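Student: Chains as they are written, first to last, in the numbering used here: chain R, 1 to 66; chain G, 1 to 66.
To be clear, the hints were calculated from the coordinates, so they are not data collected in a lab.
Fair warning: this is a prediction, and the values are worked out from it, not measured in the lab.
Be careful, since some hints might not be right.
[To be verified] Here are the computed lysine-lysine pairs in the BS3-like style, where the Cα-Cα straight-line distance is at most 30 Å: (1) K7(R) - K37(G); (2) K37(R) - K7(R); (3) K7(G) - K37(R); (4) K7(R) - K25(R); (5) K37(G) - K37(R); (6) K30(G) - K7(G); (7) K25(G) - K2(G); (8) K30(R) - K2(R); (9) K30(R) - K7(R).
[As the list claims (entries may be wrong)] Pair by pair, the computed Cβ-Cβ distance ranges are: (10) L35(R) - K25(G): 42 to 52 Å; (11) K2(G) - Q61(R): 30 to 40 Å; (12) L35(G) - D64(R): 15 to 25 Å; (13) E56(G) - M1(R): 43 to 53 Å.
Ideal Cβ positions, reconstructed from N, Cα and C, are used throughout, including at glycine.
2 protein chains.
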Amino acid sequence: MKNQTLKVEGMSCNHCVNAIESTLKEIGVKGNVDLNKGSVEVIYDESNINLEAIKEAIEDQGYDVV
Amino acid sequence: MKNQTLKVEGMSCNHCVNAIESTLKEIGVKGNVDLNKGSVEVIYDESNINLEAIKEAIEDQGYDVV
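Start from the sequences, fold in the hints, and give me the full structure.
Tutor: Quick look at the structure:
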């Protein structure tokens, strides 16, 4: 398992937290969103998914991974 | 039909817009949220519901009607 923290812009409320965490869960990734820091910690299995696909999933929800 | 614009604090993104508009729809109220202005225009039938109940429905979603 790999653990990485991403900076994500555009998250503003608990709906955003849920949207991101649910999306990540669907692709088998555990996400911990920190609204105050504007960050998402992602825990994933590198043999299943890569970081680029995780970033795309977050961006598809309308947020910017910076 | 009565038309009233409420000032609402705490709305920050399109998820918030959807949450409020969906909640209002459930109680038979048409709501138009303006995120930039922090306002919700509500259009409702006074013989069905009063403004106090509408404010409560919005506050139950976690927002402040001011």
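Student: With reference to the structure, classify each hint as holding or not holding.
Tutor: Here is what the structure says about each hint:
no.	hint	result
1	K7(R) - K37(G)	28 Å, holds
2	K37(R) - K7(R)	8 Å, holds
3	K7(G) - K37(R)	28 Å, holds
4	K7(R) - K25(R)	18 Å, holds
5	K37(G) - K37(R)	26 Å, holds
6	K30(G) - K7(G)	16 Å, holds
7	K25(G) - K2(G)	15 Å, holds
8	K30(R) - K2(R)	10 Å, holds
9	K30(R) - K7(R)	16 Å, holds
10	L35(R) - K25(G): 42 to 52 Å	27 Å, violated
11	K2(G) - Q61(R): 30 to 40 Å	37 Å, holds
12	L35(G) - D64(R): 15 to 25 Å	18 Å, holds
13	E56(G) - M1(R): 43 to 53 Å	45 Å, holds
Violation of the numbered hints given earlier is confined to hint 10; every other hint is satisfied by the structure.
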